[in-house]
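Student: Chains as they are written, first to last, in the numbering used here: chain R, 1 to 283; chain G, 1 to 283; chain L, 1 to 283; chain C, 1 to 283; chain V, 1 to 283; chain Y, 1 to 283.
A hint or two may mislead.
Chain copies aren't distinguished; within one or between two, either way the pair holds.
No more than 30 Å apart at the CA atoms, straight line, and that leaves these computed lysine-lysine pairs for DSSO-like [to be verified]: (1) K82 to K240; (2) K199 to K162; (3) K173 to K60; (4) K180 to K82; (5) K173 to K201; (6) K3 to K99; (7) K180 to K60; (8) K3 to K144; (9) K201 to K144.
Hint data in this document are derived by calculation from the structure and do not stem from the laboratory.
There are 6 protein chains.
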Amino acid sequence: MNKNIFNFIGFDNEFEESQIVLFGAPFDGTTSFRPGTRFAPNIMRNDSFGLETYSPYLDKDMEDYKMFDMGDLDFPFGNPEKVIDMIEEAADEIVSSSKIPFMIGGEHLVTLGSVKSVYKKYPDLHIIHLDAHADLREDYMGQKLSHATVLRRCHDFLGDGKIYQFGIRSGTKEEFHWAKDHVSMNPFNLDGLNEIVEKLKDKPVYITIDLDVLDPSAFPGTGTIEPGGISFKDLIEAFKLFNNLNNIVGMDAVELSPHYDQSGMSTAVACKVIREMALIAVK
Amino acid sequence: MNKNIFNFIGFDNEFEESQIVLFGAPFDGTTSFRPGTRFAPNIMRNDSFGLETYSPYLDKDMEDYKMFDMGDLDFPFGNPEKVIDMIEEAADEIVSSSKIPFMIGGEHLVTLGSVKSVYKKYPDLHIIHLDAHADLREDYMGQKLSHATVLRRCHDFLGDGKIYQFGIRSGTKEEFHWAKDHVSMNPFNLDGLNEIVEKLKDKPVYITIDLDVLDPSAFPGTGTIEPGGISFKDLIEAFKLFNNLNNIVGMDAVELSPHYDQSGMSTAVACKVIREMALIAVK
Amino acid sequence: MNKNIFNFIGFDNEFEESQIVLFGAPFDGTTSFRPGTRFAPNIMRNDSFGLETYSPYLDKDMEDYKMFDMGDLDFPFGNPEKVIDMIEEAADEIVSSSKIPFMIGGEHLVTLGSVKSVYKKYPDLHIIHLDAHADLREDYMGQKLSHATVLRRCHDFLGDGKIYQFGIRSGTKEEFHWAKDHVSMNPFNLDGLNEIVEKLKDKPVYITIDLDVLDPSAFPGTGTIEPGGISFKDLIEAFKLFNNLNNIVGMDAVELSPHYDQSGMSTAVACKVIREMALIAVK
Amino acid sequence: MNKNIFNFIGFDNEFEESQIVLFGAPFDGTTSFRPGTRFAPNIMRNDSFGLETYSPYLDKDMEDYKMFDMGDLDFPFGNPEKVIDMIEEAADEIVSSSKIPFMIGGEHLVTLGSVKSVYKKYPDLHIIHLDAHADLREDYMGQKLSHATVLRRCHDFLGDGKIYQFGIRSGTKEEFHWAKDHVSMNPFNLDGLNEIVEKLKDKPVYITIDLDVLDPSAFPGTGTIEPGGISFKDLIEAFKLFNNLNNIVGMDAVELSPHYDQSGMSTAVACKVIREMALIAVK
Amino acid sequence: MNKNIFNFIGFDNEFEESQIVLFGAPFDGTTSFRPGTRFAPNIMRNDSFGLETYSPYLDKDMEDYKMFDMGDLDFPFGNPEKVIDMIEEAADEIVSSSKIPFMIGGEHLVTLGSVKSVYKKYPDLHIIHLDAHADLREDYMGQKLSHATVLRRCHDFLGDGKIYQFGIRSGTKEEFHWAKDHVSMNPFNLDGLNEIVEKLKDKPVYITIDLDVLDPSAFPGTGTIEPGGISFKDLIEAFKLFNNLNNIVGMDAVELSPHYDQSGMSTAVACKVIREMALIAVK
Amino acid sequence: MNKNIFNFIGFDNEFEESQIVLFGAPFDGTTSFRPGTRFAPNIMRNDSFGLETYSPYLDKDMEDYKMFDMGDLDFPFGNPEKVIDMIEEAADEIVSSSKIPFMIGGEHLVTLGSVKSVYKKYPDLHIIHLDAHADLREDYMGQKLSHATVLRRCHDFLGDGKIYQFGIRSGTKEEFHWAKDHVSMNPFNLDGLNEIVEKLKDKPVYITIDLDVLDPSAFPGTGTIEPGGISFKDLIEAFKLFNNLNNIVGMDAVELSPHYDQSGMSTAVACKVIREMALIAVK
């Protein structure tokens with residue numbers, strides 16, 4: 001009699017045979033407003049069984065591909081540096097097996113660990129970043145490592161011109177001004193994504209989706225609610241574009257906070273995002 | 001002193017004088033994910049008194065028409081066949097009095113009973129079906145009678161070319177492929193509804209609305225949440241088209257699950273849907 | 001050691017130096033369906049600290065202007081006349097200091113007190129009114145003073161042609177018909193707002209926003225939910241137009257009912273509305 | 001085909017044949033903290049069908065008695081005097097038919113109308129009052145008619161020594177001191193109820209139960225939560241004592257506020273209270 | 001890299017070495033009021049990690065024993081007979097390996113499958129049954145297999161004098177009367193449990209705990225709420241008595257309905273019940 | 001016109017004249033299960049206005065004493081050491097003015113800062129500690145500073161025999177065993193509190209109340225729910241004993257997590273606890 005396996009729907013293959021490896025990063029230690037993203041990965045596994053494995057948008061079925069779910073990393077409390085190191089280490093193991101790491105947050109800071117890992121293998125790495133917030137501060141209340149600084153920390157080693165932001169609608173005046181010289185920031189919506197995808201078609205690309213890029217009407221279950229976001233249909237259009245990227249080398253979806261998702265809608269959205277992203281990355 | 005009458009707002013006339021007869025079918029016995037639609041009809045009656053009787057969309061007022069609410073059917077547990085028989089019988093009584101049966105679900109399987117009844121009188125019956133899910137499976141986990149098979153069961157006796165589906169965005173690969181040869185499936189949105197309504201203008205038409213055709217941002221209170229649906233404004237546009245149908249012979253609105261509707265928004269939507277549908281059917 | 005100050009974010013200056021004075025009017029005594037707007041102002045102050053002070057829509061920062069929050073008025077229960085008098089008195093003090101009164105409701109009836117005050121100084125006052133409901137009844141269940149009559153009461157002294165309504169989608173047949181001869185009612189959406197703003201560019205304008213003008217998908221936390229409203233992005237477009245008004249003399253935002261806002265989304269929307277409105281009014 | 005009847009479980013007989021007449025008084029217009037008791041009677045009717053009609057505590061079954069539910073009174077907003085008059089009038093009709101009026105609140109002020117009616121027939125009326133709050137203020141924020149003054153208003157015409165209070169644990173210092181000279185106040189619990197019931201055995205007695213006499217652990221769904229109350233088992237013991245009263249002439253149970261009862265527990269408690277009280281009063 | 005294992009805390013050993021085998025029976029198909037117990041086992045696994053493995057009540061630690069969690073059974077919808085067969089089969093495999101089956105419901109009907117299995121090995125089986133409801137009906141709305149008949153179905157083969165009920169406070173008059181001749185029913189509380197445990201000390205005993213035996217103040221998250229139950233401390237006292245039973249041969253805990261457990265309290269209670277029961281059964 | 005003051009009810013005096021100084025410590029950075037206590041102090045201020053200032057338990061009124069509320073400390077994220085230093089500093093200022101510091105958490109770790117401050121002035125300090133958890137670990141997941149180690153950290157400088165624990169019902173085996181030699185641990189309830197209070201009558205005493213000492217039926221709104229706690233009435237009895245302490249030199253009440261308190265019951269409990277504790281400390 002076997003132990004009880006618990007995976008996201010469709011991620012039920014063996015590690016060795018899989019193209020994509022899903023893992024949870026249940027960390028919310030620098031969340032400044034409403035915490036709780038630490039609970040997202042397991043709730044998503046549970047509710048994923050309300051999904052079909054078939055995507056009518058992409059006409060692809062998860063059952064036709066090999067995908068693996070390695071569960072959640074087990075973090076200490078109150079030590080962001082250690083958390084990022086552990087994520088980097090886990091991603092290293094996946095990347096070194098020529099598989100695609102796919103991380104479920106947790107807060108956005110977790111992206112740093114995964115990007116650091118992927119960057120070691122792909123020095124020409126580009127990031128496509130969908131988010132309500134710029135996350136470009138040099139520090140936040142004195143901290144260098146924060147959900148509000150994470151893309152700035154990625155910029156520290158990627159350099160100018162490698163980060164493409166879409167949907168941004170909140171930040172300080174300084175962030176919006178700094179962005180002009182260092183990253184490609186497309187505020188409020190996804191306008192221009194078409195051209196960017198075309199341009200990055202054959203580059204190594206890391207996709208990071210802060211789910212609060214969605215309007216709170218579609219995704220209320222997050223820590224810092226920012227009205228004015230994109231719709232789920234907009235996001236599906238983005239996914240159809242992403243389907244043209246030939247070299248996706250890493251992905252994440254972050255910032256679901258299930259305790260603010262009374263109806264279960266946000267979790268259902270997050271689960272469908274995982275399905276679509278997985279089907280985009282597999283070839 | 002009279003007993004306490006409890007009807008949906010505007011449905012306060014006598015049976016004999018009414019054009020439309022509303023009834024509740026509080027059944028959710030084959031719901032596979034989150035149950036609870038059994039509670040919808042009474043909650044809707046209660047909250048309907050937050051509505052005005054006047055529709056500015058159609059410039060019609062419920063007070064200018066005669067409508068009757070016969071309450072809920074009283075079902076046994078765990079016997080879908082019996083439930084469908086009871087619905088058919090209730091609808092027969094309405095249809096035989098030359099009135100329009102208008103059913104509030106419950107889960108979508110209840111539609112089968114009502115369609116069977118109407119079909120006996122109108123063998124050339126056509127169905128307009130708004131839904132997130134195709135509901136076209138031959139069986140679901142071994143069951144022939146299920147919310148996931150209900151339109152397939154209708155097809156069993158209606159035959160090809162009589163079912164027009166809109167808004168579908170979830171199902172198995174098999175359902176989407178089977179649909180191509182047997183029904184008119186218009187996925188994701190309401191595109192093409194205009195032509196279909198024109199074509200069916202003088203045919204006997206049954207309208208079945210699974211409220212999850214709406215995006216969960218507009219209607220979170222349902223069992224299986226499917227992001228990517230239509231907006232309430234889209235639905236109002238559909239209703240304006242339906243207003244041109246000259247021979248609506250039956251209707252239902254199903255799948256409100258009130259316990260997942262913490263804000264009351266979904267119930268308010270469902271109530272307004274009932275008002276608009278009623279005003280479309282009366283002439 | 002100082003007492004604990006509690007203001008809406010950005011409204012942290014002294015009264016004398018401020019252009020705008022915010023105050024709460026926590027009254028919901030004539031609410032006919034779901035009460036609770038009395039709790040809105042303090043919840044909004046609390047959650048406002050999840051906002052940035054910078055608006056990327058207007059490229060303006062609250063920190064560059066002077067604004068004051070005088071807290072909530074302290075009302076008796078069950079006496080609408082007295083409540084309106086108290087509001088008028090408070091607004092008088094602000095208006096007489098050549099500052100702009102900015103009121104947070106409470107139910108919509110509170111608008112009457114503030115409009116009466118502003119009208120005394122600006123007899124050519126015009127009102128731009130965004131709402132789901134017409135609020136134009138002569139009386140409501142026998143009461144002259146009600147959330148459902150408030151714009152009619154304003155019309156009593158402003159007269160014809162001074163009230164411009166947008167987004168209206170609920171009311172009695174009588175209200176819709178009366179409106180044709182007395183006010184400018186633009187139902188369902190914001191079409192035509194452009195022209196109205198152009199026309200009122202240099203007139204004294206009072207802006208009253210019943211937040212239920214938003215679709216419940218964006219703003220479920222209100223007493224009477226009316227599906228079919230505008231989106232938050234639509235509202236932002238309206239704010240960009242309002243930014244061209246040269247003589248805003250009073251403002252309010254009403255009808256947030258926090259106990260129906262389980263996710264906090266509606267409060268976040270209301271807070272961002274306050275920020276944008278404040279930035280529009282300051283010059 | 002008959003209209004849809006909606007009664008509390010067991011209250012399904014005709015008026016003429018019934019000993020007890022239930023009616024709802026959905027008024028919360030003087031509620032000072034969290035409003036919403038206006039929604040209680042209908043929610044209770046709905047959830048009452050989760051009850052058995054048999055009480056194992058009293059070994060009595062509702063089906064063995066005749067009881068009638070006349071529905072809710074239909075109140076105007078913002079006029080407490082009118083509300084009390086309407087209640088008195090309704091109770092008069094019941095009392096004059098030699099039946100027992102049994103009112104579901106609403107806020108506690110509604111008790112005044114019913115007591116006034118019963119007092120006209122029974123000038124030697126005694127009140128047994130279970131509550132967390134003394135409700136003995138001369139006025140509350142300037143109002144004579146308020147949930148916080150209701151027993152004082154009853155005292156105005158009943159006079160000293162007719163009101164017996166139990167479970168009181170909140171009030172002003174003045175109320176507690178005034179009580180000593182005018183009513184029999186037994187704070188915190190039900191100690192001494194035994195003796196009082198014995199003493200009032202053959203007197204005409206009106207029982208008014210503010211459900212917040214229960215500890216919030218047993219009954220969270222109320223406007224003003226007061227920790228430190230009695231348990232449901234304590235209340236059942238009280239009911240067993242009340243079963244010895246030979247002349248119960250009126251009853252009410254008030255202050256359920258369903259929107260603060262997310263689990264449904266408070267409504268279930270209130271429903272069982274109604275069943276037990278009804279079974280106590282019938283002989 | 002291993003797949004993601006998901007077990008109740010402490011149940012992390014191999015099947016072969018374990019004394020107790022936990023499994024979930026996520027069935028709620030005959031639930032008559034509020035459904036949803038199907039979601040309990042997985043939510044309990046998830047929240048169990050908020051528990052310590054050490055019980056200060058019993059001074060025993062789960063880490064000192066071997067326990068296995070085989071996950072949930074995978075049921076069809078709408079077929080109670082099949083569900084019971086599948087449970088019996090699963091329990092047979094556990095019993096035949098001389099281990100103790102420990103089932104998490106689901107609704108109470110699931111108990112029948114497990115009891116049938118255990119009874120085959122232990123014909124002298126006794127049941128200790130803690131519950132709010134008698135569950136002794138001959139049928140319920142025409143159905144023989146129902147949560148409301150489950151102990152009657154057990155009595156069908158166990159015969160008189162083998163079932164000991166405690167805490168019962170709801171049922172029909174018929175159930176309470178039938179009980180007198182056929183089972184040992186101890187209503188309202190746990191009085192007399194001491195003697196029963198002493199008497200059954202060396203008998204084969206199956207313990208079934210319907211968690212609604214607890215008062216809803218301690219356990220609101222269940223389908224049919226029955227005020228008047230025992231406290232958690234009472235239940236702990238029962239567990240200390242059960243610790244003296246020398247031959248526990250099967251156990252279950254049923255009727256947690258997580259969607260009515262907004263605070264998470266009921267799930268925390270259920271998890272602690274599982275810990276204590278497990279520690280009682282291991283020797 | 002004055003700025004908006006926001007204090008806990010009754011704490012409306014000036015600093016200089018006050019005996020007690022209330023302050024909020026909104027920190028939850030080491031919370032291991034459900035975070036959110038950071039939101040407690042402001043929610044408590046807001047809801048405190050549902051309280052009366054008069055305590056019938058102590059027959060004392062807050063209006064007869066002088067008390068001050070200095071608002072919340074403003075902490076950085078992710079730096080527990082800094083947080084404790086800031087609390088110590090704030091308490092130093094209060095203690096040095098011969099006033100009693102009264103802290104609202106936040107998680108329990110905040111107690112360390114306040115105790116360190118008070119200990120400097122009162123080296124013979126004793127702690128009375130009411131809690132569900134022992135909080136006596138040497139470290140927790142590698143961290144010395146944690147909600148699970150806070151009393152151990154206090155013991156580091158207070159030494160053996162100075163800490164009196166009551167109500168403890170959760171911890172590791174190690175904690176329970178370590179306690180025997182170093183502190184006075186009274187598990188499960190308040191038995192023996194009488195003697196301890198008598199013994200400490202004239203000693204300098206710090207009272208720290210982790211509100212989860214209450215059973216979750218009375219206080220569900222906390223991070224780690226532990227069934228089996230004391231009732232609110234038990235706690236009131238403790239307060240009556242504490243009223244006999246002649247030298248209370250510091251106090252706190254911690255671990256309310258408002259986002260898990262849907263009904264508002266836990267916040268109401270916490271507010272009443274603050275009122276009673278304040279009235280105990282003033283002389």
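Student: Between copies, within a copy, both or neither: which fits K173 and K60 at Cα up to 30 Å?
Tutor: Between copies only: 8 Å across, 43 Å inside.
Student: One pair to classify: K199 and K162, alpha carbons no more than 30 Å apart. Within, between, both, or neither?
Tutor: within (12 Å within a copy, 47 Å between copies)
Student: Cα distance capped at 30 Å. Does K3 pair with K99 within a copy, between copies, both, or neither?
Tutor: both (26 Å within a copy, 16 Å between copies)
Student: For K201 and K144, with the copy left unspecified, which applies at a CA distance of at most 30 Å: within, between, both, or neither?
Tutor: Close neither inside one copy (32 Å) nor across copies (47 Å); limit 30 Å.
Student: For the identical chains here, do K173 and K201 meet the 30 Å Cα criterion within one copy, between copies, both, or neither?
Tutor: between (32 Å within a copy, 29 Å between copies)
Student: Is it within, between, both or neither when you check K180 against K82 at 30 Å Cα-Cα?
Tutor: Neither: 32 Å inside a copy, 35 Å across copies.
Student: Check K3 against K144 for me: Cα-Cα at most 30 Å, and say if that holds within a copy, between copies, both or neither.
Tutor: Intra 42 Å, inter 33 Å, cutoff 30 Å: neither.
Student: Between the shortest in-copy and the shortest cross-copy C-alpha distance, which are at most 30 Å for K180 and K60: within, between, both, or neither?
Tutor: between (38 Å within a copy, 17 Å between copies)
Student: How do K82 and K240 come out at 30 Å by Cα distance, when the copy is not named: within, between, both, or neither?
Tutor: Neither: 36 Å inside a copy, 43 Å across copies.
Hint violations for this structure: numbers 1, 4, 8, 9, all remaining hints satisfied.
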